[in-house]
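Visitor: Letter by letter, the chains look like this.
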Amino acid sequence: MPVAKVLGIETEYGIAGGPDLDPIVASSIIVNAYAQEGHTRINWDFEGETPEMDARGLANLTAFAPVVETHLANTVLTNGARLYVDHAHPEYSSPECRTPLEATLYDVAGEEVMRRALRVANQSLDVGQAITLYKNNSDGKGNSYGTHENYLVARDVEFLHIVRAMVPHFVSRQIVIGAGKVAAETESGIDADPAFQLSQRAEFFEEVVGLETTLKRPIVNTRDEPHADAERFRRLHVIIGDANMSQVATFVKLGSTALLLAVLEEHGPSCFPASPRQPVGAVRSFALDPTLRHAVLCEDDQQRTAWDFQDQLWHLAEGYVASHGGEAVAGPDEVALILAQWREMLDGVRDDPVSVSDRVDWVAKLRIIDGYRERYQLSQGDARLRAIDLQYHDLRPERSLAQRVGLRELHPIEQVREAIHNPPETTRAYFRGQCVERYADQIVAANWDSVVFDLGEGPLRRVPMLDPLRGTRALTADLLETCPTADDLLEALNR
Amino acid sequence: MSEQERIQKQRAERTSEPAPAVSVDATKGDQLKADLDDLLDEIDEVLEENAEEFVRNYVQKGGE
Chain A
-17 MPVAKVLGIE TEYGIAGGPD LDPIVASSII VNAYAQEGHT RINWDFEGET PEMDARGLAN
43 LTAFAPVVET HLANTVLTNG ARLYVDHAHP EYSSPECRTP LEATLYDVAG EEVMRRALRV
103 ANQSLDVGQA ITLYKNNSDG KGNSYGTHEN YLVARDVEFL HIVRAMVPHF VSRQIVIGAG
163 KVAAETESGI DADPAFQLSQ RAEFFEEVVG LETTLKRPIV NTRDEPHADA ERFRRLHVII
223 GDANMSQVAT FVKLGSTALL LAVLEEHGPS CFPASPRQPV GAVRSFALDP TLRHAVLCED
283 DQQRTAWDFQ DQLWHLAEGY VASHGGEAVA GPDEVALILA QWREMLDGVR DDPVSVSDRV
343 DWVAKLRIID GYRERYQLSQ GDARLRAIDL QYHDLRPERS LAQRVGLREL HPIEQVREAI
403 HNPPETTRAY FRGQCVERYA DQIVAANWDS VVFDLGEGPL RRVPMLDPLR GTRALTADLL
463 ETCPTADDLL EALNR
Chain B
548 MSEQERIQKQ RAERTSEPAP AVSVDATKGD QLKADLDDLL DEIDEVLEEN AEEFVRNYVQ
608 KGGE
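From first to last, the protein sequence lines are chains A and B. The numbers in the first sequence follow the numbering used here, run straight up by one, and end at 477. The numbers in the second sequence follow the numbering used here, run straight up by one, and end at 611.
No wet-lab data here; the hints were simulated from the structure. Keep in mind that this is a model prediction, so the values were computed, not measured. One or more of the hints may lead you astray.
[Unchecked claim] In silico PhoX-like links for lysine-lysine, alpha-carbon gap of 25 Å or less:
1) K123(A) to K608(B)
2) K608(B) to K198(A)
3) K123(A) to K198(A)
This is chain A alone, in the form it adopts within the complex (with noise of 0.2 Å):
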């Protein structure tokens, strides 16, 4: 039985500007800029974090084990949401969400909180000092940062059985959802002399199965650190995608992502088709190929390309949602929408490109790249070309490119709006911004799984919170409503 999919994605988005052109000191001016607009004081509680879990269940003494920072900047917004400094990036982590719709509306209110931040930041620094910010996943330089989704999965699914069954889907699922590229930067991209990519990510992943995330990037990260009962739930983590700035593809990567999870769970490995022979060479060579004509030799010595693999999962995901209905994932209409929308890209891209530009970033992107080039007769190595693919990304109003090009809306500004104040109410994150909303001054620490209070006397006091589908509107609202401090609450929760 497939668990309910919780799901979110964090972002780290691109930086540049600031005082002495220091990414970190211009990121954690950024994250302080929001938390000092009133929006935040609390910081994030670092119990619990395990990034060098290895799912595998091997420790590998050789790997690059992810560091945690706990000196920079970190809050926890009312949303739910983390905001922080990681590396040299600001990252909104969005709060946890129970389907793909809301999820990629807190997506787009993590954009929207960037925005806002960098409004405030930028009122205080000089104008030659202006920060900007990008929501994408390479500099064009040969650095990458990442756009990472997580999904609730059921313990008792053997790691295995994720890496044989979504390998095909990650490795394909670029061409409805890649966010496109000018050229390329690392070493085999740059022999190959693309003009033009699917993928910002694609040629910076080296192994099909690992747990680092800055080098030797693996198509499926083992990351073990569920942020929950680690006995009934998995978070698998998923570093292999790319930031989109269309709404809708954000919402079919979610959702198409959540289904092939939920038929894993239903149904086992088997039904999935055979994953390529060399699965890095198959998503660096798709990633390479805008005619979405290059196939690639698979375990079943079939040859598939990546509008085959895609096919072939959007049947088995439609025949799941047939048979079994989608609730594990959403609603019968959300669930509906997602089918209707990946197949409508998935047909596009390959027949009718133009007609999915307002949904696809890469068709998108590639539309005006070529229409530049051919306006003024460019060559492929004109900075003009690779301009316009970072300013798509630009997310200054009065500069980006994503918001010129028509991309449809699946949540209106006003939505965003609320979006950023208001947490999710179905998961856990509900509890915890509603903490943050209520209870400010007596909280000295929040995380995915707990809260602590500090109510003046005694030691702190930690909240846990180990099922996402817990602590949600439905089971809170009520006691929040009753409780006016910090003191009342906790003396409810022990009563």
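Since the structure of chain A is already known, use the hints to place chain B on it.
Guide: Relative to chain A, chain B alone:
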């Protein structure tokens, strides 16, 4: 005239022209090209002026 009004006006002028005797596909193709031309005009207005320097200066530390 605002950018939006200008675009709407251009579109209105295009659609008010007498329908030429061409296939639906060709008309659709003309419309797509006109839309793209408008979009490229808009990009010209907001694209960073010194693209070379803009692109060169965008250097990130890896993350994740």
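Visitor: Against the 25 Å threshold, does the CA-CA distance of K123(A) and K608(B) hold or violate the hint?
Guide: holds (10 Å)
Visitor: If you draw a straight line from the CA of K123(A) to the CA of K198(A), is it 25 Å or shorter?
Guide: holds (17 Å)
Visitor: K608(B) and K198(A) were given as a pair; does the straight-line alpha-carbon distance stay at or below 25 Å?
Guide: Answer holds: K608(B) to K198(A) is near 16 Å, not above 25 Å.
Consistency note: the structure conflicts with none of the earlier hints.
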